[in-house]
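Chemist: Residue numbering for the sequence shown follows our numbering, beginning at 452 and increasing consecutively.
It is possible that some hints are incorrect.
What the hints assert, rightly or not - Simulated crosslink set (EDC-like; lysine to aspartate or glutamate; CA at most 20 Å straight-line):
#1 K457 to E496
#2 K526 to D567
#3 K535 to D516
#4 K466 to E617
#5 K526 to D516
#6 K556 to D571
#7 K604 to E617
#8 K568 to E484
#9 K592 to E615
#10 K568 to D527
#11 K526 to E496
#12 K456 to E621
#13 K459 to E574
#14 K537 to E484
#15 K537 to E496
Stated by the list, open to error - Taking CB as the label site, the calculated pair distances span:
#16 L555 to G474: 32 to 38 Å
#17 K466 to K537: 36 to 42 Å
#18 K598 to K577: 22 to 28 Å
#19 Q583 to E464: 16 to 22 Å
#20 N468 to K577: 37 to 43 Å
#21 K466 to E619: 34 to 40 Å
It should be emphasised that the hints constitute simulated quantities derived from the structure, not laboratory data. By construction, the Cβ of each residue, glycine as well, lies at the ideal position given by its N, Cα and C atoms.
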Amino acid sequence: MNHLKKIKISTVENKLNEPLIRGMITIGFDVSEYNTGIAILRTTEDYLILEQTKTIKVPKGKLFDSVDLFLTQIKDFKNEVAQKYKINLSIIEDCFYSQNVKTLKTLARFGILVYDKFRDIVEATKFVTPTQARAKVHFAKSDKKVKGKALKKEIIAYVNYLLEIEIESEHLADSVVLALAGLIKE
Numbered sequence: 452m453n454h455l456k457k458i459k460i461s462t463v464e465n466k467l468n469e470p471l472i473r474g475m476i477t478i479g480f481d482v483s484e485y486n487t488g489i490a491i492l493r494t495t496e497d498y499l500i501l502e503q504t505k506t507i508k509v510p511k512g513k514l515f516d517s518v519d520l521f522l523t524q525i526k527d528f529k530n531e532v533a534q535k536y537k538i539n540l541s542i543i544e545d546c547f548y549s550q551n552v553k554t555l556k557t558l559a560r561f562g563i564l565v566y567d568k569f570r571d572i573v574e575a576t577k578f579v580t581p582t583q584a585r586a587k588v589h590f591a592k593s594d595k596k597v598k599g600k601a602l603k604k605e606i607i608a609y610v611n612y613l614l615e616i617e618i619e620s621e622h623l624a625d626s627v628v629l630a631l632a633g634l635i636k637e
């Protein structure tokens, strides 16, 4: 099976200063209005493996057109994933009020659609806020004032440091953070 990155689990644990759960597969969903990032992580006794990433893209436009396109892509991806993996935990980014009600409603809708489509192929699902997931993987921004694109750049750099990889997408980096948070013991 082709994977994107295989790294010694002890390397990641040392960087996190946290033990990771062995023998587990998590999938993280960074639900977004137009670019939903997805990452699948798997652990063995010795390795943390970034198995797969995916971005679900929908154009700006009419809500139902976006929902239909989102559903088509998420169903296709689910069918692909169901044939390859037995996922233990799905971590879906919980929506939060940031800028406007329209965005909040769209994120809530897309989040529940992800849950609905994947609930029959995962053992458990959690909704986790971005702040909770980042705290769990010990991400700390350089300054309390860092927000927006600058914050996303720091998250990308942190994920690249942890996994010794070169992810460029903020959506994929966020999805890795969510999936990784699911591998850390409560």
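Chemist: Against this structure, judge whether each hint is valid.
Modeler: How the hints compare with the structure:
About 12 Å separates the Cα atoms of K457 and E496, which keeps this hinted pair within 20 Å; it holds. Taken as a hint, the K526 and D567 pair is honoured in the structure, with Cα atoms around 10 Å apart against an allowance of 20 Å. Straight-line distance between C-alpha atoms of K535 and D516 comes to about 29 Å, which puts the hinted pair past the 20 Å bound. Taking the CA atoms of K466 and E617, the gap is near 17 Å; set against the 20 Å cutoff, the hint holds.
Proposed proximity of K526 and D516 is supported: the alpha carbons are some 15 Å apart, at most 20 Å. For the proposed pair K556 and D571, the alpha carbon gap of about 24 Å is over 20 Å, so the pair is violated. Taking the CA atoms of K604 and E617, the gap is about 12 Å. The hint holds against a cut of 20 Å. Between K568 and E484, the direct Cα distance comes to roughly 17 Å. Compliance with the 20 Å bound is thereby established for this hinted pair.
Restraint check for K592 and E615: satisfied, since their Cα atoms lie roughly 19 Å apart, inside the 20 Å limit. For the suggested pair K568 and D527, the alpha carbons sit about 10 Å apart, so the restraint of at most 20 Å is met. Distance restraint check for K526 and E496: the Cα-Cα separation of roughly 31 Å exceeds the 20 Å cut-off, and the hinted pair is therefore not satisfied. For the proposed pair K456 and E621, the alpha carbon gap of about 18 Å is at most 20 Å, so the pair holds.
Proximity of K459 to E574 is assessed by CA-CA distance (about 26 Å); at most 20 Å being required, the pair is judged violated. Proposed proximity of K537 and E484 is contradicted: the alpha carbons are some 28 Å apart, above 20 Å. A threshold of 20 Å between alpha carbons decides the hint, and for K537 with E496 the separation of about 17 Å falls inside it, so the pair holds. As the Cβ distance of L555 to G474 is approximately 37 Å, the hint placing it in 32 to 38 Å holds.
One distance hint, 36 to 42 Å for the beta-carbon pair K466 and K537, is violated here, with the actual separation near 27 Å. Distance hint check for K598 and K577: the Cβ-Cβ separation is about 25 Å, which falls inside the suggested range of 22 to 28 Å. Taking the beta carbon of each, Q583 and E464 are about 20 Å apart, inside 16 to 22 Å as hinted. A C-beta distance of roughly 22 Å is found between N468 and K577, which places it outside the suggested range of 37 to 43 Å.
Restraint check, K466 to E619: a C-beta distance of roughly 20 Å breaks the suggested window 34 to 40 Å.
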